[in-house]
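J.: Per the working numbering, the sequence shown runs over residues 10 to 298.
Don't read these hints as lab results, they were simulated from the structure.
It cannot be assumed that every hint is accurate.
[To be verified] No more than 27 Å apart at the CA atoms, straight line, and that leaves these computed lysine-lysine pairs for DSS-like:
no.: 1; residue 1: Lys139; residue 2: Lys42
no.: 2; residue 1: Lys139; residue 2: Lys153
no.: 3; residue 1: Lys139; residue 2: Lys100
no.: 4; residue 1: Lys106; residue 2: Lys280
no.: 5; residue 1: Lys109; residue 2: Lys193
no.: 6; residue 1: Lys109; residue 2: Lys253
no.: 7; residue 1: Lys193; residue 2: Lys236
no.: 8; residue 1: Lys109; residue 2: Lys42
no.: 9; residue 1: Lys153; residue 2: Lys43
no.: 10; residue 1: Lys253; residue 2: Lys241
no.: 11; residue 1: Lys43; residue 2: Lys106
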Amino acid sequence: MDNNVLQVSDVPAPWLLEGEAWWFFTALFHWPKKGEMSAPGYFDPLHERSRALATEEGAYLGSHGMIQLVRYTDSPAGPYDELIVLPGSFKSPPGVKPAKSSRITRIYVSTMNSVVNGRRNWNIPKTIAKFSFTPNSDGVLEVKVFAPTSLETPGSPIFSDTPFFAVNIRPSVIPVPAIPLNLKHLPMPFILVQPPLEASPSAGQDGCIGTDHWVSVDVSDYGGRVKPIRWKGGLAVVDSNTQKTSTRIADGVGFPDVVPYSMGLHLAQMKIQFPESVVLQVDPSEQSE
Numbered sequence: 010m011d012n013n014v015l016q017v018s019d020v021p022a023p024w025l026l027e028g029e030a031w032w033f034f035t036a037l038f039h040w041p042k043k044g045e046m047s048a049p050g051y052f053d054p055l056h057e058r059s060r061a062l063a064t065e066e067g068a069y070l071g072s073h074g075m076i077q078l079v080r081y082t083d084s085p086a087g088p089y090d091e092l093i094v095l096p097g098s099f100k101s102p103p104g105v106k107p108a109k110s111s112r113i114t115r116i117y118v119s120t121m122n123s124v125v126n127g128r129r130n131w132n133i134p135k136t137i138a139k140f141s142f143t144p145n146s147d148g149v150l151e152v153k154v155f156a157p158t159s160l161e162t163p164g165s166p167i168f169s170d171t172p173f174f175a176v177n178i179r180p181s182v183i184p185v186p187a188i189p190l191n192l193k194h195l196p197m198p199f200i201l202v203q204p205p206l207e208a209s210p211s212a213g214q215d216g217c218i219g220t221d222h223w224v225s226v227d228v229s230d231y232g233g234r235v236k237p238i239r240w241k242g243g244l245a246v247v248d249s250n251t252q253k254t255s256t257r258i259a260d261g262v263g264f265p266d267v268v269p270y271s272m273g274l275h276l277a278q279m280k281i282q283f284p285e286s287v288v289l290q291v292d293p294s295e296q297s298e
């Protein structure tokens, strides 16, 4: 056994995952602005090819975007936490159906088992982070996510003391009963089309293995019991001109500095089915170089 290389189990699809999730909507029926996907934070620096594909003229189509925060209590890869940004719809490669689809551009998870298998199974560009969930007596859930500062020792990453993402989540002012929701009952499928991933030079330590082909995966079987929530940014920012302090949810480097709508959703008793991905026949010019 090489102690300088990650020891991770191969956990192929399909996966059935259970837990709870929080959705923060960043765009509804959004018309994209030129250069919008070039904003810092939407892609890990490793994935420059993915950034280039997403920032080509006409590639980003806008529509509905969201941030998802998830706590998986049960999965084939074990329990783990997750932070995702889905900016909206993107144009699929020529000849691929659907012609437009959702795409995860940046995602953090709390275990290396999830990093490696998520990348291998579905081209999901997972990287490692540390998550902190702290419930307060007044009903607020404080969530913070921290980036690694050292991955030299496989299985024992060192993390920053300063979070790059922080949000305080509280229930809606008006109590409402939870209602069942499943995306498979909506009039359109929820399909991810993901480009091939670049490999990290230190994949044996950071888990960022590469892949070779575009793939799609239908994750429409995703549901739970939903209630509205409110949120407030947990990162304090001081304006250099006015010296006034404001809050935001992300630093714009490790994660995009976007402002979701004031109301989001909490999904309790969440279940999601991740089937095997479908390898897509794509022109070589659209593949990772």
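J.: Taking each numbered hint in turn, which are not upheld by the structure, reported in ascending numerical order?
T.: Hint check: 1, 3, 6 and 9 fail, others pass.
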